[in-house]
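*Asks:* Chains as they are written, first to last, in my numbering: chain A, 1 to 133; chain B, 1001 to 1543.
Do not rely on the hints blindly, as some may be mistaken.
[What the hints assert, rightly or not] Listed next, with one range per pair, are the computed distances between beta-carbon atoms:
#, chain 1, residue 1, chain 2, residue 2, range
1, A, P7, B, R1253, 29 to 37 Å
2, A, N84, B, T1390, 20 to 28 Å
3, B, R1253, A, L129, 43 to 51 Å
4, B, K1134, A, S66, 37 to 45 Å
5, A, R130, B, L1290, 48 to 56 Å
6, B, A1213, A, L129, 51 to 59 Å
7, A, N84, B, E1285, 22 to 30 Å
8, A, M79, B, D1144, 37 to 45 Å
9, B, Q1161, A, S6, 41 to 49 Å
10, A, G73, B, L1290, 48 to 56 Å
11, A, S6, B, R1201, 44 to 52 Å
12, B, R1124, A, K131, 36 to 44 Å
13, B, Q1161, A, K88, 28 to 36 Å
Keep in mind that the hints were calculated from the coordinates and are not lab data.
In this text, all values refer to a predicted model and were calculated from it rather than measured experimentally.
Built from N, CA and C at the ideal position, the CB exists for glycine as well.
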Amino acid sequence: MVGRLSPHDREAIAKTIVALSNNDKQTTARILRENGYAATFRDNENVDDATLHRFATFCLDKFDLSPITLDNGEVVDTMELFRNIREKSIPTFVEDGRRLGGLLMGVNAQAARPISLAKEWKSIAQQALRKKK
Amino acid sequence: MITTPNQRALTNDYRHPLLLFNPSSVAVHSPKKQASNDINMCRPPATNNEGKTIKLQDQRSTLSSSSVSFCTSVPVLLANLSSIIRPPYSLRRVLLLLFVFSFVSLASLYTCHRGFRRTIQFWRGMTPLVLKYKYVTIKAEKFDRVNPEELERRLNIYREQTAPKLVELILNMKGIYVKLGQVMSTVGQGLLPQVYLDALRPLQNGVPPRSYAEISNIIEESTGKSMEELFLQFDEVPIGSASIAQVHRATLRPSHSTIPPKRVVVKVQYPEVAQLFDADLSNLELATRLFSPEYMEITKSLRKRHENELDFTKEAANLIHVTRDMQRYGVEPSLVRIPRVIYDICTKDVLAMEYLEGISLGDAIDLEQRRVAKALGMHDGDELKTALATKMRKHFENGGGVANNEGDMMMLSGNRAKLINVFGPSAAALLRTYALLKDEIENVILSVFKFGSMIRINWMKDRHNFDSVEVIHDDAMMISNNGKKRTSRVNLGRALKTLVHVHGIQLLLSGVYNGESCIHKEHFALFIRSLLTISLCSRSTPR
């Protein structure tokens, strides 16, 4: 299947990748929120930056199953995070990024060569943002 | 009560017409006559301008004589008519008629409407599963009031019993269900119970192919041309069959051969998939709502994801777009090679593309793992894979990302692993070189045999006058199927880097990207359009 992304979605992905490669949790979470991503964690509508950053990491960077430290300092196991989170609204760029990103991360892991997509794509993302300007 | 004459006139003239009508005088056929009378007893009687009670006859004369409009008299007339006309059928007959009518309608719908038939077929399979699930949960929660662990245990038993039935249902339903089953078996980790994941996994190996007769019919109907007109030769056995389509190798007739290689692959979509897509997805959404409403968003996204996949003309257009963009960014054909579309054979259901020779990514990974396993003294690749999975999980639990030493994940359990951990990546590299050298030697031996076969072919060509290129090609494919053709030329690490880089360009700069999965990496069917393998194709081609 060949997918298409709108210029706006491409820009959103590029910004997310740059933020992820800089490990900038606030910016990553802000981009997701601004583009309509919504989820609940333990039935709480206000999902914090750390959780959103981890979700973006899964979509466009790497498989990170290490325990996550929430903004309030609580340390949560990743599997518990998965069990208790419900996605309410998923923007197209997250959906498409997750699909392709998941495939690439998965196949690299199968070949015993785990990668960080954000690091691999950072220069391309910056180029895309420069072109946009 | 004292009222002025004007007030009384207002009261009577503007009373609702139904109130002017006295049912007790006309409802002669009503079985509820007594009840009506009782009701009327509670109703204040109609009065004339002088305040005297008037009878129906008088009311009628009052109506006709006073200036009551036509509109207000219509309900009265209708009520009178309805009381005169006796209903032709009893309630029982009406119900029987309704039942027969519904039955005939449903039977006609089932016979003529494929979507409806599909829905019935789906729910006939799903209903027992849904009911059993509800029975297990309600019994455990409401009656037995068990703790969560016991509930989970009971649900596990339920899952073990129903997982094979679910897979059977998917295989019977075919089409988009198989596709979704494949996707879920791959990305469903954490979403679906492990029992279901294990049961769905065999779907990744494809589905039984359709017959040549069926496929040729689809091609001829879709293109409006006969198979003889289109193809010089068409492989009846597909090189792959997946959930929505299957792929055959073929040779074009010269008139259709618009690109130098005449060999093409023809992808043929099963006709029912697109026709039943809507009905299938609606059924699936309903099932999700019943079983796991929290995953509705995912199910909806599946609809969005697949609806563009069912029109091959769109895929062809996207493929052309990707090729142009990749050429613009200088990666095609230097880094990757994208198959060209054969415009003459491109419809909604049929898509022909240039045939590119190579090995699939899945094969390349398997071959490397077999080599490393052999070098490590393991029995087979599976043993290595198991150990690798454990190692990878530990890596992800430590934060994931790029491994410190590329390839050290392969170096696993046992004394050799300890040794390699001591010597680090150099030992890993050394081991891989050793494994590669072993294959080089095998390839030399193979090429000697192949040389022999070429001599034989040339000799046969002289005698039988057929195209030697085709035969050599088949010979090469035979070697490929044995898993030994040109494997040493694939630098897997480099190919994967290229793959990630090219997809990054597509996604971020071009905006048109290949989202086809390596979940089907075992399928030749999908290798034709997957850049994942195209990058390998370019590398596996001998210089």
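*Asks:* May I ask which of the numbered hints given earlier this structure violates, with the numbers listed in increasing order?
*Replies:* 1, 8, 10, 11 and 12
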